[in-house]
Amino acid sequence: MAVQLKFTVQGGDFTNAGFASSQVKKILKQLNIDNRIIKRVAISLYEAEVNIVAHAWNGTVTVDIDEEKIRLFLSDRGPGIPDIELAMQEGYSTASPVVREMGFGAGMGLSNIKKNSDKLTITSEVNQGTEVEIIHYLHAQ
Amino acid sequence: MLQDKTKAIHPGPVAPESNSPVLTIRDVLELTGAKLVYGEEYLDKPVRKAFASDLMSDVLQVEANDFVLITGLAHPQVIRTAEMADIGFVLLVRNKKATPEMISLAKQAGIALAESKNSMYHTSGLLFKAGVRPVS
Numbered sequence: 081m082a083v084q085l086k087f088t089v090q091g092g093d094f095t096n097a098g099f100a101s102s103q104v105k106k107i108l109k110q111l112n113i114d115n116r117i118i119k120r121v122a123i124s125l126y127e128a129e130v131n132i133v134a135h136a137w138n139g140t141v142t143v144d145i146d147e148e149k150i151r152l153f154l155s156d157r158g159p160g161i162p163d164i165e166l167a168m169q170e171g172y173s174t175a176s177p178v179v180r181e182m183g184f185g186a187g188m189g190l191s192n193i194k195k196n197s198d199k200l201t202i203t204s205e206v207n208q209g210t211e212v213e214i215i216h217y218l219h220a221q
Numbered sequence: 008m009l010q011d012k013t014k015a016i017h018p019g020p021v022a023p024e025s026n027s028p029v030l031t032i033r034d035v036l037e038l039t040g041a042k043l044v045y046g047e048e049y050l051d052k053p054v055r056k057a058f059a060s061d062l063m064s065d066v067l068q069v070e071a072n073d074f075v076l077i078t079g080l081a082h083p084q085v086i087r088t089a090e091m092a093d094i095g096f097v098l099l100v101r102n103k104k105a106t107p108e109m110i111s112l113a114k115q116a117g118i119a120l121a122e123s124k125n126s127m128y129h130t131s132g133l134l135f136k137a138g139v140r141p142v143s
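Protein chains in written order, with the numbering used here: chain A, 81 to 221; chain B, 8 to 143.
Derived from the structure by calculation, the hints contain no laboratory data. It is possible that some hints are incorrect.
With a Cα cut of at most 25 angstroms, we get these calculated DSS-like pairs of lysine-lysine [unchecked claim]:
(1) Lys119(A) with Lys106(A)
(2) Lys106(A) with Lys52(B)
(3) Lys114(B) with Lys119(A)
(4) Lys124(B) with Lys104(B)
(5) Lys52(B) with Lys119(A)
(6) Lys114(B) with Lys109(A)
Next comes chain B alone, as it looks inside the complex:
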């Protein structure tokens, strides 16, 4: 019984609403109540995939390009990691604030940066439900 129940609620590897339109950074901000700290010019960029982690060592292992990085770590090396891994959008969660160094690096590297008060789980859940896919 338990197995059947698990099967019924498990959405599988693909996001449940796979036919939903592709979200933009603007949509993500609206959906999660996040505040943009840098990157007005990137608001219409599509957000198709996401990865959530506080461990930059794990982020550097991801083979996908151009996804949103959801992280509770507010440190300049988060932006450096995003730059090296071709990540165009960093969404800080758990009410973490971007430091001036992070904003300056995001400008240099052309990375959109936003802050959300929600937890990582909450933010990830909202994006997953809206059709943003996992990186693999």
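Here chain A stands alone, though its shape is the one from the complex:
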């Protein structure tokens, strides 16, 4: 079993934000993945997808599922993150007032992705974009 899913995400489009996460969640249910893992994948992917909508110009979501793991890879073109360590701190946020009015931008997203994943790798280049890799193992390591 090896499945790959690909989605595009538009920066600033808060109406459709979460579409990719919703589709991925439905497919994982069809694949009979454990519900606890599905919730962790859904939460981590949704937080990361909302980050692209909130901060970047556009991006892609690629999901690879095999027998061992689920790999979420989000790549965006955008302002990038100058200090990833600082961005990981709970409460630190550069979100706009519009994003905050929608109930996000509390500076909790990246730490929540970390909490809801087995492995998180973030690389970023200022004024170029950000790449986020999130791994979920299907079996205890």
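With chain A fixed as given, assemble chain B onto it according to the hints.
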């Protein structure tokens, strides 16, 4: 004295009427005077726990499943958040109205959606008193 008084009125972490029967979505609507916007088929679903917040970032941190989300935020991302967090019932308060996008997303995700004129505090108080537990 003040400390004793606080102790006497503080209900503790468990809802006061822990022996009361489990409420359904139908009961919650009746109790809070809320109007169902979508989800007739879910009216008999039990409502055991609740979380109240306008901050979706906080909702996404809750580890419990299948609770009622009480919120004053009427935005499609509220329904997306509920979908990701396995929340089966969203109760809008402060007379906020569900948008057509929210109703459409609630249908797709199978989430009951209702509107109440009461404040978040009022609604939460009514549910707490009736035995609906906090998420943790």
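Evaluation of the provided hints:
This hinted pair checks out: Lys119(A) and Lys106(A) have alpha carbons roughly 11 angstroms apart, not beyond 25 angstroms. Between Lys106(A) and Lys52(B) the alpha-carbon distance is near 22 angstroms, which keeps this suggested pair within the 25 angstroms criterion. The straight-line distance between the Cα atoms of Lys114(B) and Lys119(A) is roughly 20 angstroms, inside the 25 angstroms bound, and the hint therefore holds. As the CA atoms of Lys124(B) and Lys104(B) are separated by approximately 10 angstroms, the hinted pair is consistent with the 25 angstroms bound.
For the given pair, Lys52(B) sits about 21 angstroms from Lys119(A) by alpha-carbon distance, which is consistent with the 25 angstroms threshold. For the hint pairing Lys114(B) with Lys109(A), the CA-to-CA distance comes to about 18 angstroms; that is within 25 angstroms, so the pair holds.
Hint compliance for this structure: every hint is met.
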